[in-house]
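Protein chains: 2
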Amino acid sequence: MRFDTNGLEILDREECLALMASVPVGRVVFTDRALPAIQPVNFVLHGDDVIIATSAGSKLAAATAGTIVAFEADAFDAGDEAGWSVTVVGQARAVRDSGELRRLSLLPLDPWIPGRHDHFIRIRSDVISGRRIHPTMVEARP
Amino acid sequence: MRFDTNGLEILDREECLALMASVPVGRVVFTDRALPAIQPVNFVLHGDDVIIATSAGSKLAAATAGTIVAFEADAFDAGDEAGWSVTVVGQARAVRDSGELRRLSLLPLDPWIPGRHDHFIRIRSDVISGRRIHPTMVEARP
Numbered sequence: 160m161r162f163d164t165n166g167l168e169i170l171d172r173e174e175c176l177a178l179m180a181s182v183p184v185g186r187v188v189f190t191d192r193a194l195p196a197i198q199p200v201n202f203v204l205h206g207d208d209v210i211i212a213t214s215a216g217s218k219l220a221a222a223t224a225g226t227i228v229a230f231e232a233d234a235f236d237a238g239d240e241a242g243w244s245v246t247v248v249g250q251a252r253a254v255r256d257s258g259e260l261r262r263l264s265l266l267p268l269d270p271w272i273p274g275r276h277d278h279f280i281r282i283r284s285d286v287i288s289g290r291r292i293h294p295t296m297v298e299a300r301p
Numbered sequence: 160m161r162f163d164t165n166g167l168e169i170l171d172r173e174e175c176l177a178l179m180a181s182v183p184v185g186r187v188v189f190t191d192r193a194l195p196a197i198q199p200v201n202f203v204l205h206g207d208d209v210i211i212a213t214s215a216g217s218k219l220a221a222a223t224a225g226t227i228v229a230f231e232a233d234a235f236d237a238g239d240e241a242g243w244s245v246t247v248v249g250q251a252r253a254v255r256d257s258g259e260l261r262r263l264s265l266l267p268l269d270p271w272i273p274g275r276h277d278h279f280i281r282i283r284s285d286v287i288s289g290r291r292i293h294p295t296m297v298e299a300r301p
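As you go down the protein sequences, you meet chains X and W in turn. The first sequence begins at 160 in the numbering used here and counts up one residue at a time. The second sequence begins at 160 in the numbering used here and counts up one residue at a time.
Errors might be hidden in some of the hints.
Treat identical chains as interchangeable: a pair holds within one or across any two.
[What the hints assert, rightly or not] List of simulated lysine to any residue pairs, SDA-like, C-alpha gap at most 25 Å:
{"id": "1", "residue 1": "LYS218", "residue 2": "LEU167"}
{"id": "2", "residue 1": "LYS218", "residue 2": "THR164"}
{"id": "3", "residue 1": "LYS218", "residue 2": "ARG275"}
{"id": "4", "residue 1": "LYS218", "residue 2": "PRO270"}
{"id": "5", "residue 1": "LYS218", "residue 2": "ASP269"}
{"id": "6", "residue 1": "LYS218", "residue 2": "ARG161"}
{"id": "7", "residue 1": "LYS218", "residue 2": "GLY238"}
{"id": "8", "residue 1": "LYS218", "residue 2": "ALA253"}
{"id": "9", "residue 1": "LYS218", "residue 2": "GLN250"}
{"id": "10", "residue 1": "LYS218", "residue 2": "GLY242"}
{"id": "11", "residue 1": "LYS218", "residue 2": "ARG261"}
{"id": "12", "residue 1": "LYS218", "residue 2": "GLY166"}
Rather than coming from a laboratory, the hints here were simulated on the basis of the structure.
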């Protein structure tokens with residue numbers, strides 16, 4: 160295992176992808192009118208890419224069209240004070256190709272929020288980084 | 160209850176703060192060398208402000224010095240397909256005043272990662288928005 164200067168384990172690309180695949184919700188990080196913005200979304204991985212589905216007119220669709228975004232997924236356990244976080248940074252694009260749309264519509268991606276979700280956004284995982292925080296060795300208490 | 164166009168419940172400021180106070184980890188959203196960036200951190204609320212602690216030389220300390228950041232906290236339940244998310248957007252600043260530092264050092268803020276955390280960052284909750292996604296009415300299955 161490799162650790163960073165904060166004492167967190169550095170996860171390799173394969174571990175990052177496996178951990179991301181284990182959770183149904185991640186967070187898209189983008190810029191909204193020059194301000195930092197974040198929105199939780201359901202997602203699936205397709206190859207190494209992050210796939211999300213929204214409606215064509217949504218703020219998320221507008222904000223991610225052809226831009227570089229970050230996408231984060233994590234899981235933490237308050238009891239253990241442990242967990243992991245993975246962040247992808249890469250180009251987001253609206254999927255327009257009908258063959259690609261057909262393939263993506265077959266993925267097990269079922270957004271929890273109601274409404275139409277026929278607008279697919281694909282985030283290329285150009286850079287993936289992940290960290291794991293291990294449970295602290297807590298001293299035995301009397 | 161009020162709902163947005165996506166069918167999500169709109170949470171008022173008080174609910175947002177109460178929900179944030181119920182979780183130990185949130186995510187700072189900022190810009191790192193012109194790219195969107197996100198980092199999970201332990202935090203506490205102090206009044207309506209988000210307080211995080213890091214080391215003076217950290218990337219987070221540099222990236223948040225005097226800038227507008229977003230801060231997000233959430234909790235989702237994959238079984239229920241439900242949960243909530245709250246986002247604060249506001250000015251972040253390094254706390255320098257010795258009286259304020261003393262007060263903040265008494266808060267129940269215990270970062271899970273090892274090392275020194277004597278550099279406090281205070282994020283003013285200029286704008287708070289929150290959404291709750293209610294469990295879907297799932298049809299009875301045979």
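So, going through the hints one by one against the coordinates:
For a Cα distance limit of 25 Å, the shortest separation of LYS218 from LEU167 across copies, 15 Å, qualifies, whereas the shortest one inside one copy, 35 Å, does not. For the homomeric pair LYS218 and THR164, the shortest alpha-carbon distance between copies (11 Å) is at most 25 Å, but the shortest distance inside one copy (37 Å) is not. Taking the closest pair of Cα atoms, LYS218 and ARG275 come within 25 Å of each other only inside a single copy of the chain (14 Å); across copies the shortest separation is 40 Å, beyond that limit. Taking the shortest alpha-carbon separations for LYS218 and PRO270, only the intra-copy value of 16 Å comes in at or below 25 Å, while the best inter-copy value is 34 Å.
For the identical chains of this complex, LYS218 and ASP269 are intra-copy neighbours only, at 19 Å inside a copy versus 36 Å across copies, given an alpha-carbon limit of 25 Å. When the C-alpha separation of LYS218 and ARG161 is checked against a cutoff of 25 Å, the pair qualifies only between copies, where the shortest distance is 19 Å, while the shortest distance within a copy is 39 Å. Within a single copy, LYS218 and GLY238 get their C-alpha atoms no closer than 36 Å, and across copies no closer than 27 Å, so neither meets the 25 Å cut-off. For the identical chains of this complex, LYS218 and ALA253 are intra-copy neighbours only, at 13 Å inside a copy versus 32 Å across copies, given an alpha-carbon limit of 25 Å.
Both within a single protomer and between protomers do LYS218 and GLN250 lie at most 25 Å apart by alpha-carbon distance, with minima of 17 Å and 23 Å respectively. Taking the shortest Cα distances, LYS218 and GLY242 sit within 25 Å of each other only across copies (20 Å), while inside one copy they are farther apart (31 Å). In this assembly of identical chains, LYS218 and ARG261 lie within 25 Å of each other by CA distance solely inside one copy; the values are 23 Å within and 42 Å between copies. Within a single copy, LYS218 and GLY166 get their C-alpha atoms only as close as 38 Å, which misses the 25 Å cut-off; across copies the closest is 15 Å, which meets it.
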